[in-house]
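Protein chains in written order, with our numbering: chain A, 1 to 274; chain B, 1 to 251.
Calculated from the structure, these hints are not laboratory results.
We put the CB at the ideal spot given by N, CA and C, even for glycine.
Among the hints, a few may not be true.
On the chain A side, residues computed to face chain B include the following (Cβ under 8 Å) [said to hold, decoys possible]:
#1 A68
#2 S72
#3 P179
#4 T186
#5 T197
Simulated restraints on C-beta separations [unchecked claim]:
#6 B:S233 with A:I120: 53 to 59 Å
#7 B:R241 with A:L124: 55 to 61 Å
#8 B:G16 with A:V99: 23 to 29 Å
#9 A:D263 with B:A75: 53 to 59 Å
#10 A:V145 with B:A75: 48 to 54 Å
#11 A:L124 with B:W113: 30 to 36 Å
#12 A:A41 with B:S39: 41 to 47 Å
#13 B:E72 with A:I120: 43 to 49 Å
#14 B:A75 with A:G116: 21 to 27 Å
#15 A:G116 with B:G9: 33 to 39 Å
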Amino acid sequence: MTDVQDRAGRAHVVLPARSAPALRTRLARAALLVLALVGFAGCLRLADVDPVELAQGLPTMAGWIGAAIPPSTEAIPTLLVRAAETVAIAVVGTVFAVVLALPLCVLAARSTTPSGWVRIPVRLFLNGLRGVDAFVFALLFVAAVGLGPFAGVLGIALHTWGSMGKLFSESIEALPAGPLEAAELTGAGRVKTSSYTLLPDVLPSISSIGLYLLEFNIRASTVLGVVGAGGIGQELKNSVDLLAFDRLATILVVILVMVTAVDQLSARLRKALA
Amino acid sequence: MSAALSLRGLSHAYAGVPVLRSIDLDVAPREVVAVVGPSGAGKTTLFRCLTRLVRADEGVLEVCGKDLMRLEGGALREARRDLGLVFQSYNLVRRLTALQNVLVGRLAEVPTWRVVLRRFPDAEQQLAAACLDQVGLLAHAHTRADRLSGGQQQRVAIARVLASRARVVLADEPVASLDPASAQSVLTALRSLATDHGKAVVCSLHQVDLVAGFADRVVGLRDGRVVLDVPASRFDASAARDLYAPHRAKV
């Protein structure tokens, strides 16, 4: 460091001038900015954004807050059971997704499945699952298997299968290829080489992904009840429909406590894995 | 004695630029050949072609009597089992123990369910332990690979080759990222693969001063050609200067 400072002190260093961007580049940048602004204005319009209506609605909402205080306590035991149901939907759905995603992630990763004939259809399938929200799946399953948490479990499981398969396969691809290559040279088959050399090194990251998705699914499960797929969301919808704001306030607190507790726990576990 | 590894006219080009020009080389069992030469001489390409990670454009590449250039699929996989690789980056499974890493060399011999459950037969574990003992790491058998030093990891990799069926060992810059003492212990272990276990060893080296006391023969590569093939005793400072000098002059 002192070396450089000495030299800079003695010899006069001329910083080469940075050439200004060409006119074309500057015009292109300006056009891009205008385009972005126009696009956003269009979005505002399509989304019916109207500050006046918000202002007019405020007193009504203030009235709700008044009605919500004090929150009701008489429903707490029921709500806790419903909250437990929500956690159960997320846990069971996530575990099902892990079981489904593990075999497919190997088929979706380039390092373990070089053939595009298998890998690309598997990827498309996983992307398709990921593209449909758990909420939408739950809506369909309520029609198929009836109202209740099982429809929620199926919805969570299917959507998470897609996300998990994709993330798991990406963490397999992120592993160095060397240990696998060394094992392949012994002539051993693919099941042996990949289970023995990849699994140990990929385990921490897939556990971490599993926990992260569990966290995400607990939040997603809180609204599943709105479509009749069980959990605390059902109570939420009932309270809004009945304008029972004191009960609604209690529900929101229960959700907040539940989600925070799970996030904290999962963050701690993931830290321990890292 | 017939050669364990035999190259005739091995040539390879990348995008029309010749990298290897008609390489001839024979390596006998128990022999250690050091491959030296300036950067860009083709050492790395030579090693990639030797394992057929890259298929050379033309030539003969015989490993234990089988021409790898003419084999495909299952036959190639079978023939490659005679090759053992030692990499610059060790390539161990980080979260497995030293012993479990040595057992990688035995994967082909063990039933799939045992591999998946990591329940190797006692005989295989004994064999792997003996291999670790050979490289002086028996005490670290149950240490996780990522807790070992670089030199120790490389010696585990050598034990892994020892445990496998490999008869020709290819080591591409095995000591490039090691301190001198660790480098010496790794080269001693490689040397013993040839002396005590009859394997043919081909090893590329960056530091020419490591050749003495390690290799039997030195092969010098420059611009994709073998320009030097002498007993290690005749590879002295002036030979090394000649090998590296013209390249520097060009720069």
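Checked hints:
1. A68: Cβ of A68 of chain A sits 51 Å from chain B, so the hint is violated.
2. S72: Violated - the Cβ of S72 of chain A stays beyond 8 Å from chain B, reaching only about 52 Å at its closest.
3. P179: With Cβ-Cβ at 5 Å, under 8 Å, it holds.
4. T186: holds (5 Å)
5. T197: holds (5 Å)
6. B:S233 with A:I120: 53 to 59 Å: Distance hint for S233 of chain B, I120 of chain A holds at roughly 57 Å.
7. B:R241 with A:L124: 55 to 61 Å: The hinted range 55 to 61 Å holds for R241 of chain B and L124 of chain A, with Cβ atoms some 59 Å apart.
8. B:G16 with A:V99: 23 to 29 Å: violated (51 Å)
9. A:D263 with B:A75: 53 to 59 Å: Holds, at about 55 Å.
10. A:V145 with B:A75: 48 to 54 Å: holds (53 Å)
11. A:L124 with B:W113: 30 to 36 Å: holds (32 Å)
12. A:A41 with B:S39: 41 to 47 Å: For S39 of chain B against A41 of chain A, whose Cβ atoms are near 57 Å apart, the range 41 to 47 Å is violated.
13. B:E72 with A:I120: 43 to 49 Å: 24 Å Cβ-Cβ, so the 43 to 49 Å window is violated.
14. B:A75 with A:G116: 21 to 27 Å: Distance hint for A75 of chain B, G116 of chain A holds at roughly 25 Å.
15. A:G116 with B:G9: 33 to 39 Å: holds (35 Å)
In terms of the numbered hints stated before, the structure departs from hints 1, 2, 8, 12, 13, listed from lowest to highest.
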